[in-house]
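K.L.:
Just so you know, the sequences run in chain order A and B.
For what it's worth, this note's numbering labels the leading residue of the first sequence as 1, then goes sequentially.
For what it's worth, this note's numbering labels the leading residue of the second sequence as 1, then goes sequentially.
Everything labelled a hint here was simulated from the structure, so no lab data went into it.
A couple of the hints might just be wrong.
Said to hold, decoys possible - If the Cβ cut is set under 8 Å, some of the chain B residues that face chain A in the computed set are:
hint, residue
1, V6
2, K7
3, A10
4, Y12
5, G16
6, S27
7, Y31
8, R34
9, E52
10, E73
11, E109
12, L113
13, Q116
14, A159
15, V162
16, Q196
Quick reminder that beta carbons are idealized off the backbone N, C-alpha and C, glycines included.
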Amino acid sequence: MNYIPNILFAVALALGIGYFVKNVKKLVRNIKLGQDVDVSDHKDQRWQNMIRIALGQGKMVRRPVAGILHIIVYVGFIIINIEVLEIILDGLTGKHRLFSFMGGFYGFLIGSFEILAFLVFVSVVIFWIRRNIMKLQRFWKPEMTSWPKNDANFILYFEMVLMTLFLVMNATDIHFQEMHSGNVISQFIAPLFSGASEGTLHVIERSAWWLHILGILVFLNYLYFSKHLHILLAFPNTYFGKVKPKGAFNNVEAVTAEVKMMMDPDADPYAMPEEGADEEVPAKFGASDVQDLSWVQLLNAYTCTECGRCTSECPANLTGKKLSPRKIMMDTRDRLEEVGKNIDANNGEFKDDGKQLLGDYISHEEIWACTTCNACVEACPVSIDPLSIILEMRRYLVMEQSAAPMELNNMMSNIENNGAPWPYNQMDRLNWVDEN
Amino acid sequence: MEQLIVKTMADYMAEGKEPEILFWVGSAGSYDDRAKKITRAFVKLLNKAQVEFAVLGTEESCTGDVAKRAGNEFLFQMQAMMNIELLNGYEVKRIVTACPHSYNTLKNEYPALGGQYQVQHHTEFIEELMHNGRLKIESSSTLNGKRITFHDPCYLGRANEVYEAPRNLLTALGVDLVEMKRHKQTALCCGAGGAQMFKEPEKGDKDINVLRTEDALETQPSIIATGCPYCNTMMTDGVKAKEKEDSIQVLDVAELIANAENL
Chain A
1 MNYIPNILFA
11 VALALGIGYF
21 VKNVKKLVRN
31 IKLGQDVDVS
41 DHKDQRWQNM
51 IRIALGQGKM
61 VRRPVAGILH
71 IIVYVGFIII
81 NIEVLEIILD
91 GLTGKHRLFS
101 FMGGFYGFLI
111 GSFEILAFLV
121 FVSVVIFWIR
131 RNIMKLQRFW
141 KPEMTSWPKN
151 DANFILYFEM
161 VLMTLFLVMN
171 ATDIHFQEMH
181 SGNVISQFIA
191 PLFSGASEGT
201 LHVIERSAWW
211 LHILGILVFL
221 NYLYFSKHLH
231 ILLAFPNTYF
241 GKVKPKGAFN
251 NVEAVTAEVK
261 MMMDPDADPY
271 AMPEEGADEE
281 VPAKFGASDV
291 QDLSWVQLLN
301 AYTCTECGRC
311 TSECPANLTG
321 KKLSPRKIMM
331 DTRDRLEEVG
341 KNIDANNGEF
351 KDDGKQLLGD
361 YISHEEIWAC
371 TTCNACVEAC
381 PVSIDPLSII
391 LEMRRYLVME
401 QSAAPMELNN
411 MMSNIENNGA
421 PWPYNQMDRL
431 NWVDEN
Chain B
1 MEQLIVKTMA
11 DYMAEGKEPE
21 ILFWVGSAGS
31 YDDRAKKITR
41 AFVKLLNKAQ
51 VEFAVLGTEE
61 SCTGDVAKRA
71 GNEFLFQMQA
81 MMNIELLNGY
91 EVKRIVTACP
101 HSYNTLKNEY
111 PALGGQYQVQ
121 HHTEFIEELM
131 HNGRLKIESS
141 STLNGKRITF
151 HDPCYLGRAN
161 EVYEAPRNLL
171 TALGVDLVEM
181 KRHKQTALCC
191 GAGGAQMFKE
201 PEKGDKDINV
211 LRTEDALETQ
221 PSIIATGCPY
231 CNTMMTDGVK
241 AKEKEDSIQV
251 LDVAELIANA
261 ENL
């Protein structure tokens, strides 16, 4: 017996999975650079959200065309993976179609995979057309050039090639074709190879088999570098997503402590801080860089698949302002990757590189254009909250830098002085009763 | 001019009585000339339904919504704690407000600072009065069959998922309710939220309120109904920018009901 293919296969599998695991560890390390946040509440609601939004694709179908095509690709991806299990076992044991002992049921399974593979191929072609021929507006925003644009197309090419290889592999498998069970689609591809000798067919079949499984391993490792990471992270992201009403913005506990002290008439301003109290005071209010954000917000950034549904519903973006919620997420991920690489290059310690998320990636102009309307949060099919990042940056600008636009400073002094955002006397608050 | 019956919490306290609800007027409802009309319209309805309500009057202060959204958490929490101290001092349990921003802040952001209240938007409360038979809202001769579109305020709709109460009231008035292309979950913001009301917009190719007004104009309405004083201002300005102020009115749901009742 010749064990070389088995050994080669095992090595390829180990390398493929090994490198992926290495990158997953890096991913987790980077996400943990974020601030801790308590997400232990509303467990039932969180599971429901994950099942409905991620597993059930509940928000995808709000845009029916993209939604249904996406469900086909999603279902195809999950179901066809059962076939990958057989391929892996075949590869390791040197057997051919290990599961074929199931007879008719095997034919049914492979038949379903073939139909799905065909549907996935068609859907992916339509996706490609929407992106490149029809040029849907949300795929052609300023942030969608260079890598993001190529990344999106690479994923589509990958899927087209993988589905083709799977079908060609079946079409050139003489024994499988002779079974006349399960070759629902591949029987129509087989005639293309009718002139080839048995030997040539075997070579084509083996090549397709190898390229298919190696392609899957390469694609698995492509994930970490791509927006395609959403296929894994959509699940934790919908679980950890916001469970409160969208209008509820988080309370800054550190501020509460200080405000309570300011308002307490018995507080001693000269009192020594209690032991260990310093640790509770945050380094800064709000966020200027990725480490100031919560780890859920960083998970959000890695989960974003750049579909642009957020940006296409953002009132600021629709009226030509620079703000694009998708860009907020993409910038956060890019900066986080940069910080991660910095840490790798400096023996596990972040070395100040003179850059930060706010200013170097996201401009003040973008931050101040937001109306906090929650359209982006509502639109996101995987529970990403770009608004929460915008708010943290406003907090940094206002509370750390006093860098609010002048009109807002006027508004805030009005509130401080007379309890209203306009310069009116608080004693006039009830005048409306006698006016007409 | 008809005299409104308005009592303050302090009045009730002096009488040793408790009101059914506290009407949180809000800064816009207290000072803005357009919004004051909405406040008065809502009070007319409360008076008609003989609701024992109180206002805080000169003791009320900005909820801090706009400060929080501008990033000034200090100022927000100062305002919140002062208001909570006052509200808890009066043992307030139920609050009704005609401002979705106050509504959202009181309902969702005060609890973390010690303020727990049952909070309703005025359209929810009016709907309750209608269901309990305390306020009769019926098809009105002036509004019957009129094309009216409702603009969802972000902080009422998406932020708190209140979509039906204002629509139910409009339907009760017998109007021809026409929806904009973007409505409910996908409604477009009027452009005032997140402190935008108080600053010039960033550079762009259009103002948000104009875009939203165009959404509304597509439905060919004779009235654009809203449920928020900020939305009202933005849509009114949008209608003026489109030079349609002679044919299209922008009115709060409470105003429509009060007008229909000839109040």
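K.L.:
Could you run down the list of hints and mark each one as holding or not?
P.N.:
So, going through the hints one by one against the coordinates:
{"no.": "1", "hint": "V6", "result": "holds (5 Å)"}
{"no.": "2", "hint": "K7", "result": "violated (10 Å)"}
{"no.": "3", "hint": "A10", "result": "violated (11 Å)"}
{"no.": "4", "hint": "Y12", "result": "violated (15 Å)"}
{"no.": "5", "hint": "G16", "result": "violated (22 Å)"}
{"no.": "6", "hint": "S27", "result": "holds (4 Å)"}
{"no.": "7", "hint": "Y31", "result": "holds (5 Å)"}
{"no.": "8", "hint": "R34", "result": "violated (11 Å)"}
{"no.": "9", "hint": "E52", "result": "violated (16 Å)"}
{"no.": "10", "hint": "E73", "result": "holds (5 Å)"}
{"no.": "11", "hint": "E109", "result": "holds (6 Å)"}
{"no.": "12", "hint": "L113", "result": "holds (7 Å)"}
{"no.": "13", "hint": "Q116", "result": "violated (14 Å)"}
{"no.": "14", "hint": "A159", "result": "holds (3 Å)"}
{"no.": "15", "hint": "V162", "result": "violated (10 Å)"}
{"no.": "16", "hint": "Q196", "result": "holds (5 Å)"}
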